[in-house]
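A.B. asks: Chains as they are written, first to last, in full-length UniProt numbering: chain A, 1 to 465; chain B, 1 to 465; chain C, 1 to 465; chain D, 1 to 465.
Simulated from the structure, these hints should not be mistaken for laboratory data.
Even glycine gets a Cβ: it sits at the ideal position worked out from N, Cα and C.
Be careful, since some hints might not be right.
[Said to hold, decoys possible] Using 27 angstroms as the maximum straight-line C-alpha spacing, the simulated DSS-like pairs for lysine-lysine come out as follows: (1) A:K64 x B:K139; (2) D:K318 x C:K48; (3) A:K308 x B:K147; (4) C:K63 x A:K64; (5) B:K48 x B:K63; (6) A:K308 x B:K139; (7) A:K63 x B:K331; (8) C:K139 x B:K139; (9) A:K48 x B:K318; (10) B:K48 x A:K308; (11) B:K149 x C:K139; (12) A:K139 x D:K139; (13) A:K318 x B:K308; (14) A:K318 x B:K139; (15) D:K147 x D:K64; (16) B:K63 x B:K139; (17) C:K365 x C:K331; (18) A:K139 x A:K69; (19) D:K139 x D:K48; (20) C:K187 x D:K365; (21) B:K147 x A:K331.
[Unchecked claim] If we take Cβ atoms under 10 angstroms as the criterion, some of the chain C residues that face chain D in the derived model are: (22) Y24; (23) H27; (24) S28; (25) H31.
Number of protein chains: 4
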Amino acid sequence: MSINEVCSVFGIWGHPDAARMTYYGLHSLQHRGQEGAGIVVTDGERLKGIKGDGLVNDVFDEKKLDSLKGNGAIGHVRYTGKSGIENIQPLLFHSSSGSLALSHSGNLINANDLKHQLEMQGSIFQTNTDTEVLAHLIKRSGYLATKDKVKNALSMVKGAYALIMMTENELIIAQDPNGLRPLSIGKVGDAYCVASETCAYDLIGAEYIRDVEPGELIIINDDGIHEERFSLSGSNAMCTMEYVYFSRPDSDIRGINIHTARKKLGKQLAIEANIEGDVVTGVPDSSISSAIGFAETAGIPYELGLIKNRYVGRTFIKPTQELREQGVKMKLSPVRRVVEGKRVIMVDDSIVRGTTSRRIVRMLKEAGATEVHVCISSPPMTNPCFYGIDVSTHEELIASNHSVEEIREIIGADSLTFLSVEGMMKVIGKDDLGKNCGQCMACFTGEYPTEIFPDTPLPYEKEMK
Amino acid sequence: MSINEVCSVFGIWGHPDAARMTYYGLHSLQHRGQEGAGIVVTDGERLKGIKGDGLVNDVFDEKKLDSLKGNGAIGHVRYTGKSGIENIQPLLFHSSSGSLALSHSGNLINANDLKHQLEMQGSIFQTNTDTEVLAHLIKRSGYLATKDKVKNALSMVKGAYALIMMTENELIIAQDPNGLRPLSIGKVGDAYCVASETCAYDLIGAEYIRDVEPGELIIINDDGIHEERFSLSGSNAMCTMEYVYFSRPDSDIRGINIHTARKKLGKQLAIEANIEGDVVTGVPDSSISSAIGFAETAGIPYELGLIKNRYVGRTFIKPTQELREQGVKMKLSPVRRVVEGKRVIMVDDSIVRGTTSRRIVRMLKEAGATEVHVCISSPPMTNPCFYGIDVSTHEELIASNHSVEEIREIIGADSLTFLSVEGMMKVIGKDDLGKNCGQCMACFTGEYPTEIFPDTPLPYEKEMK
Amino acid sequence: MSINEVCSVFGIWGHPDAARMTYYGLHSLQHRGQEGAGIVVTDGERLKGIKGDGLVNDVFDEKKLDSLKGNGAIGHVRYTGKSGIENIQPLLFHSSSGSLALSHSGNLINANDLKHQLEMQGSIFQTNTDTEVLAHLIKRSGYLATKDKVKNALSMVKGAYALIMMTENELIIAQDPNGLRPLSIGKVGDAYCVASETCAYDLIGAEYIRDVEPGELIIINDDGIHEERFSLSGSNAMCTMEYVYFSRPDSDIRGINIHTARKKLGKQLAIEANIEGDVVTGVPDSSISSAIGFAETAGIPYELGLIKNRYVGRTFIKPTQELREQGVKMKLSPVRRVVEGKRVIMVDDSIVRGTTSRRIVRMLKEAGATEVHVCISSPPMTNPCFYGIDVSTHEELIASNHSVEEIREIIGADSLTFLSVEGMMKVIGKDDLGKNCGQCMACFTGEYPTEIFPDTPLPYEKEMK
Amino acid sequence: MSINEVCSVFGIWGHPDAARMTYYGLHSLQHRGQEGAGIVVTDGERLKGIKGDGLVNDVFDEKKLDSLKGNGAIGHVRYTGKSGIENIQPLLFHSSSGSLALSHSGNLINANDLKHQLEMQGSIFQTNTDTEVLAHLIKRSGYLATKDKVKNALSMVKGAYALIMMTENELIIAQDPNGLRPLSIGKVGDAYCVASETCAYDLIGAEYIRDVEPGELIIINDDGIHEERFSLSGSNAMCTMEYVYFSRPDSDIRGINIHTARKKLGKQLAIEANIEGDVVTGVPDSSISSAIGFAETAGIPYELGLIKNRYVGRTFIKPTQELREQGVKMKLSPVRRVVEGKRVIMVDDSIVRGTTSRRIVRMLKEAGATEVHVCISSPPMTNPCFYGIDVSTHEELIASNHSVEEIREIIGADSLTFLSVEGMMKVIGKDDLGKNCGQCMACFTGEYPTEIFPDTPLPYEKEMK
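Produce the entire structure from the sequences given, and follow the hints as far as they go.
C.D. replies: Given below as structure tokens:
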């Protein structure tokens with residue numbers, strides 16, 4: 001409920017209405033970032049971009065979309081709302097030798113170091129993003145061909161990146177050597193498209209082709225698609241939380257459908273929890289699938305015990321502390337008739353600070369639930385993430401400092417069950433076809449797939465100094 | 001999916017932050033109208049109002065809310081987006097003898113006649129609403145007391161109305177003699193509140209007290225609550241579609257919880273349909289409950305076969321016809337992995353023109369469903385509604401001109417089952433305590449609870465001439 | 001400097017781009033009201049209007065103008081910025097028997113009485129304007145023809161009005177029986193136009209035809225122009241301040257050019273003042289002409305001793321009290337090099353409260369003027385105006401309570417000269433052709449041309465109760 | 001009438017409300033640029049800026065000004081409206097070693113060359129301005145102290161610049177070696193201020209101290225003011241058009257008051273022209289002073305023969321070609337009563353393309369003038385300007401290709417007189433104290449004070465490639 005992904009990317013090449021397709025593509029990825037959006041197009045001669053604060057349809061109107069003409073486009077939605085419009089992506093840099101646009105999902109963990117070195121050499125930065133470091137590295141590279149400049153630059157950065165770049169004449173796509181963030185390729189008519197999640201393909205009528213491999217560099221231009229690798233090291237370490245929380249239920253990652261994965265996590269959780277109750281309810285929206293799976297396996301009816309208030313936009317006026325204490329709610333309402341007098345099994349995807357869980361448990365009890373059993377479809381989160389997720393320091397992670405029993409006490413639940421690491425691996429350790437797929441479980445286990453730098457910026461500190 | 005309610009009302013008396021409470025109340029009722037919103041407050045001396053196009057949180061910001069000071073407030077969200085801001089409610093009329101604000105949910109079926117007569121007598125109308133007719137009737141009434149003026153005016157209008165009016169010193173609440181639209185009373189601290197749906201009480205931390213009875217007139221002021229009747233005729237004829245489609249799952253109407261009712265409708269539908277399939281899926285959001293009920297009774301797994309794209313706001317840019325034909329979707333996406341190779345039972349709440357159903361069936365088949373069985377949790381809709389729902393003429397209602405088999409053919413389903421009228425009555429004919437409750441089933445049966453006038457305006461023609 | 005006119009009107013009939021012509025017409029009248037603007041057009045079948053706060057080009061853009069299609073249009077700019085958009089004119093009323101739009105410059109002095117009576121009879125008012133009273137009187141009149149309804153209504157109102165009304169099929173123009181506010185008729189191609197000031201004709205390329213006479217009612221429609229009188233009583237009593245202050249220098253009123261009149265007032269003032277000085281300077285913009293006339297007659301050089309800061313729009317951020325005391329200025333700056341070490345003769349058009357004059361005198365002295373002699377091109381203002389000018393109560397008029405010597409002391413001038421009433425009559429008592437023309441000099445003499453009611457609202461209290 | 005200055009600068013140091021003072025300072029300089037405005041402040045620790053399109057009071061509101069806290073500020077208004085917000089000044093660059101803001105009036109004539117070289121070395125440019133070149137040169141300079149970096153950078157650029165830069169701790173002010181654009185220093189309380197024109201000091205209550213000398217570099221910080229020179233070469237070559245056209249009448253440049261200079265130019269012109277007429281009229285606003293001087297010397301009455309329509313803002317809707325041909329005017333109206341039947345002497349400041357003059361002459365004749373004699377208070381403009389004025393190529397300058405008699409014929413005047421170069425030098429060749437002051441008269445004589453580069457960009461092409 002309180003974890004946030006930083007950013008999502010989309011790109012398309014070879015479509016006469018590239019900007020509009022990107023608009024719809026970004027729209028399907030909107031759940032990954034609601035604080036800013038942007039689109040850059042190329043008409044073969046120059047790049048032009050529009051970006052702004054808020055949702056995709058806050059930023060764009062018919063007139064603006066119509067002004068973005070061209071066959072190639074890249075777009076971006078972002079989570080972090082800090083600082084100015086210059087930090088909203090795609091970043092766009094012009095020079096007399098051509099322009100370059102970048103959309104990045106993830107986090108470059110040695111960006112601070114690199115930026116400092118570049119400034120010492122006279123570079124002037126326009127943004128506070130880690131992504132701009134890449135642009136300067138590319139620009140300063142001695143190589144002649146754009147592809148070689150990019151490879152040279154990528155060899156210097158470390159961390160997580162699903163990356164789409166665009167010049168006047170091509171898309172350049174790169175996935176970090178550990179494949180930490182999802183990125184795949186699809187096709188719609190003769191056009192290629194690239195997206196953080198496959199749900200984008202369904203929405204725009206495209207066909208999914210394949211995932212971008214860790215360490216892969218792909219170039220798409222009017223001559224077609226050109227695949228090569230810029231790194232042979234690394235391992236497959238897809239972020240586990242993509243399955244548990246971030247991605248849309250209708251997306252597939254590494255061959256695994258998210259809804260199906262969540263339902264299985266719920267089923268596994270029901271087996272591990274093995275508790276009694278009268279109704280099962282999920283915390284909308286991300287835990288609905290796991291709650292349904294839980295209910296099916298446990299043989300307990302699934303009910304809408306909690307309702308999400310849609311229409312809570314960015315400009316929504318939050319209740320004052322006083323009104324909140326009087327019982328004014330904002331995002332979630334309990335359904336009194338459903339939970340009154342019942343033993344409620346409440347399924348959620350994760351516990352970060354514990355405050356949300358405590359509020360929901362209290363809400364259910366005030367609405368008449370006699371017992372509230374909290375079942376979490378992932379293991380306790382004990383370590384921060386450096387790869388693009390706003391999961392905070394050890395201090396802020398409740399499971400980093402408290403036992404399960406202490407957490408149960410804090411959130412006021414009658415019982416608390418976390419899915420085991422083994423249970424989770426059992427479910428998402430193999431894809432739908434039974435193939436093994438590596439996962440980054442660092443936030444649960446502390447085993448990070450990359451080296452970690454002393455001053456690696458946490459992603460929620462993305463405004464670098 | 002394509003029926004629309006016209007409007008919803010909220011009022012509160014005796015709360016120091018009446019406007020803010022109304023803001024949250026309206027927010028919980030937002031699903032009943034997204035095209036306009038307004039709030040009027042009284043500080044005991046004068047009425048002041050703010051209204052505008054769009055969602056509640058498009059119209060109001062902190063500054064505007066802060067400017068609405070007073071202990072009493074009424075609000076309104078409306079569905080119909082036509083014409084100017086003057087038609088957004090609450091309507092507010094000032095005169096040297098005091099001001100009057102009106103919030104109305106429903107439709108006055110003899111409004112055109114009355115307006116014509118009033119204009120002949122020199123009245124100047126400010127809006128195109130049926131509601132303003134009431135204001136003129138009240139203003140012209142020879143009675144002295146406001147209560148008597150209102151009763152006098154109500155004796156002249158016919159149709160459906162859940163009505164909240166406000167002067168400097170009181171709320172005046174009225175429910176039409178057939179009780180066609182829901183309206184109930186709650187209490188939060190020492191303040192009384194009135195709302196179209198009980199979900200508003202949960203969100204603002206209020207306690208539900210009781211429904212407003214058909215033909216009842218209630219006055220709430222600083223002396224307390226005063227209940228009387230202005231009409232003894234009429235019968236209990238709550239709109240059936242409130243249960244099936246309009247209301248939020250967490251609301252109760254006449255003692256029946258909506259989610260529970262829908263789940264029961266789904267269960268009854270499963271018994272009546274008696275068909276085989278691999279997965280059950282509901283059309284989000286209104287058919288989720290009935291689909292879950294169906295799945296439970298049928299013993300078939302419930303899956304998320306269709307995903308709703310949130311973030312489709314008022315300013316969303318619709319795909320061009322060309323892009324739509326290329327497969328760009330807007331509101332719903334199929335989940336390929338869930339439906340591929342499966343016999344899908346798709347549960348929906350109603351079929352109006354059939355176009356939406358046809359689109360969804362095709363979408364599911366294109367995503368790989370081998371069979372699509374459509375099950376509708378209400379009977380065929382064969383007659384227009386005159387009481388505030390945008391259900392159109394006979395010509396537009398597919399079930400008015402086609403047999404079930406013809407409809408099945410048109411929408412491309414492998415089978416089509418409607419719930420029977422008897423099945424429906426079995427479920428919502430009695431409240432949760434077993435008490436009989438009358439229903440308006442006119443759109444299914446043609447039996448209207450009131451007389452119908454030759455020029456009764458359909459609600460979607462609310463802009464009168 | 002601190003007197004303000006309330007409102008100005010424009011109308012046109014028979015032009016294919018009536019709205020755009022009205023836009024330019026209003027633009028030339030913008031000096032008479034910067035707080036709100038509106039245009040209503042008719043296409044022969046229905047009236048449509050747009051209005052808003054601010055300048056004409058704040059309110060309208062290309063798209064809005066394009067949406068106002070029709071051959072007839074009326075417009076309005078207004079001074080008073082109080083209350084809501086509903087009070088911005090033209091007022092527009094729709095009914096089943098046709099629509100009516102009204103643009104009014106002036107003030108109806110018995111509007112409060114009439115409004116009270118109409119409300120007793122059940123009328124609901126939409127605005128706080130005196131003008132709406134006319135609409136109700138017209139609507140309630142028993143006569144059949146619009147013309148007769150209007151005459152009937154005008155027979156009941158008293159005060160000042162230059163009035164343009166419009167139905168689907170005609171313009172109806174009326175001037176009050178004393179002719180207090182300017183109104184004239186012009187022609188551009190085959191179209192007739194009507195405007196508060198003749199400068200509108202020059203700007204739109206129209207030819208001035210004639211002034212509308214006191215008590216005259218003119219109807220313009222596709223059949224041509226129809227002239228008649230609704231009142232035979234009354235006298236010619238044009239507002240003197242139109243010549244002194246309000247109107248643009250390039251306008252003619254009753255055959256007198258404003259610039260020429262002001263220059264003559266300055267010449268007469270030079271004769272009456274008979275003082276010595278080194279430079280003459282006018283207070284921009286309205287006193288430039290009289291200062292030039294003064295300089296010519298006095299044989300003293302005219303210099304730009306004061307500069308007006310253009311670009312002080314409605315949204316200009318006024319200096320705080322603290323910054324003002326530190327010397328930050330807003331509208332006027334002295335020209336140090338011009339006034340330093342000089343005896344300055346400062347010509348202004350009027351003194352209302354005296355605060356502006358005091359500030360300017362101090363500003364000139366601080367810039368180095370050794371003496372400042374203030375010469376005012378009108379007599380002392382001792383009485384309030386009830387006819388549409390924001391000249392306040394006796395208490396606020398400095399000349400109502402102080403001798404000329406006391407005022408001189410207060411404003412810190414070395415001498416103070418007002419033009420005499422006789423001097424003024426000598427200049428503007430006859431038109432440019434030598435014809436006598438009556439003037440309303442009530443603010444100087446207290447002789448009002450109409451009866452005055454006990455509760456006659458002052459124009460700056462236009463928001464009636 | 002159709003020459004445009006590019007940009008104006010303001011700065012202040014040591015004032016607790018630096019941003020607000022800059023707001024008022026920029027407001028007084030608004031006539032030098034209406035297309036964009038910006039303010040950057042420092043609170044000693046960081047720089048923060050706000051900028052936008054339009055007038056100063058379009059860009060700033062109370063809330064924005066309040067958010068700009070600090071004791072130091074610089075601001076900018078600009079003329080050229082092309083391209084995006086990034087090109088509006090002050091430019092603001094952040095780096096880990098500190099921030100730098102720049103406000104520039106003028107034109108760097110070797111900017112294209114320098115930019116190309118910098119890009120070759122890996123610099124990424126954020127704007128299309130010549131000014132950014134300076135920032136990169138400063139940033140890349142090997143010197144340690146900011147002052148030395150700036151001097152090093154200034155040694156590489158050529159052209160015209162009145163320049164104010166700001167770091168966290170100081171203002172850095174520079175004037176190009178020829179002193180082409182005005183820049184001076186004032187004091188208000190303990191704070192120093194810097195402005196393009198001295199009228200800013202009068203408006204904010206500051207005292208003028210002295211002009212910044214050609215080649216001078218001044219640093220202002222909390223320790224006081226530090227003056228030195230970065231260039232010893234160069235000559236005093238103030239732009240003549242500042243006196244004739246750009247500056248406000250209440251400003252002084254190099255000891256000469258603008259109004260006084262213009263009046264003298266008019267007097268000299270009257271002597272040189274030596275023609276007969278009935279009235280003298282100036283083209284508002286810039287030619288009023290010279291017209292009054294002309295009238296005084298010629299002994300012919302000065303009249304308002306032309307009126308400027310104020311309120312023509314950026315959003316003003318221009319008349320269509322069709323309406324223009326029907327006589328709809330925009331900026332200027334003739335005063336018929338003043339010019340009808342008269343021989344009019346029309347005084348203007350310059351003729352660029354001749355189109356404006358032709359339009360005004362025709363306007364006056366259509367309003368009844370029997371003769372129109374055009375007198376120009378500057379010599380024929382025959383050469384383009386490279387120093388920051390939008391005076392175009394030889395081809396566009398009518399005087400570059402036509403004799404005076406041909407121009408007279410084209411504009412339709414009965415006679416045409418230009419001031420002689422000698423006459424002009426006689427008036428502005430010495431300051432008010434009789435001291436000689438050098439002038440740039442290149443646009444009249446072709447003698448440029450700097451070398452000119454083959455690809456020197458014209459200022460209206462400020463968007464560099």
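A.B. asks: Hint by hint, say whether it matches the structure.
C.D. replies: Here is how each hint holds up against the structure:
no., hint, verdict
1, A:K64 x B:K139, "49 angstroms, violated"
2, D:K318 x C:K48, "22 angstroms, holds"
3, A:K308 x B:K147, "39 angstroms, violated"
4, C:K63 x A:K64, "16 angstroms, holds"
5, B:K48 x B:K63, "14 angstroms, holds"
6, A:K308 x B:K139, "42 angstroms, violated"
7, A:K63 x B:K331, "22 angstroms, holds"
8, C:K139 x B:K139, "17 angstroms, holds"
9, A:K48 x B:K318, "22 angstroms, holds"
10, B:K48 x A:K308, "31 angstroms, violated"
11, B:K149 x C:K139, "24 angstroms, holds"
12, A:K139 x D:K139, "17 angstroms, holds"
13, A:K318 x B:K308, "25 angstroms, holds"
14, A:K318 x B:K139, "39 angstroms, violated"
15, D:K147 x D:K64, "31 angstroms, violated"
16, B:K63 x B:K139, "33 angstroms, violated"
17, C:K365 x C:K331, "17 angstroms, holds"
18, A:K139 x A:K69, "26 angstroms, holds"
19, D:K139 x D:K48, "19 angstroms, holds"
20, C:K187 x D:K365, "20 angstroms, holds"
21, B:K147 x A:K331, "39 angstroms, violated"
22, Y24, "5 angstroms, holds"
23, H27, "6 angstroms, holds"
24, S28, "7 angstroms, holds"
25, H31, "7 angstroms, holds"
Checked against the numbered hints above, the structure violates hints 1, 3, 6, 10, 14, 15, 16, 21; every other hint is satisfied.
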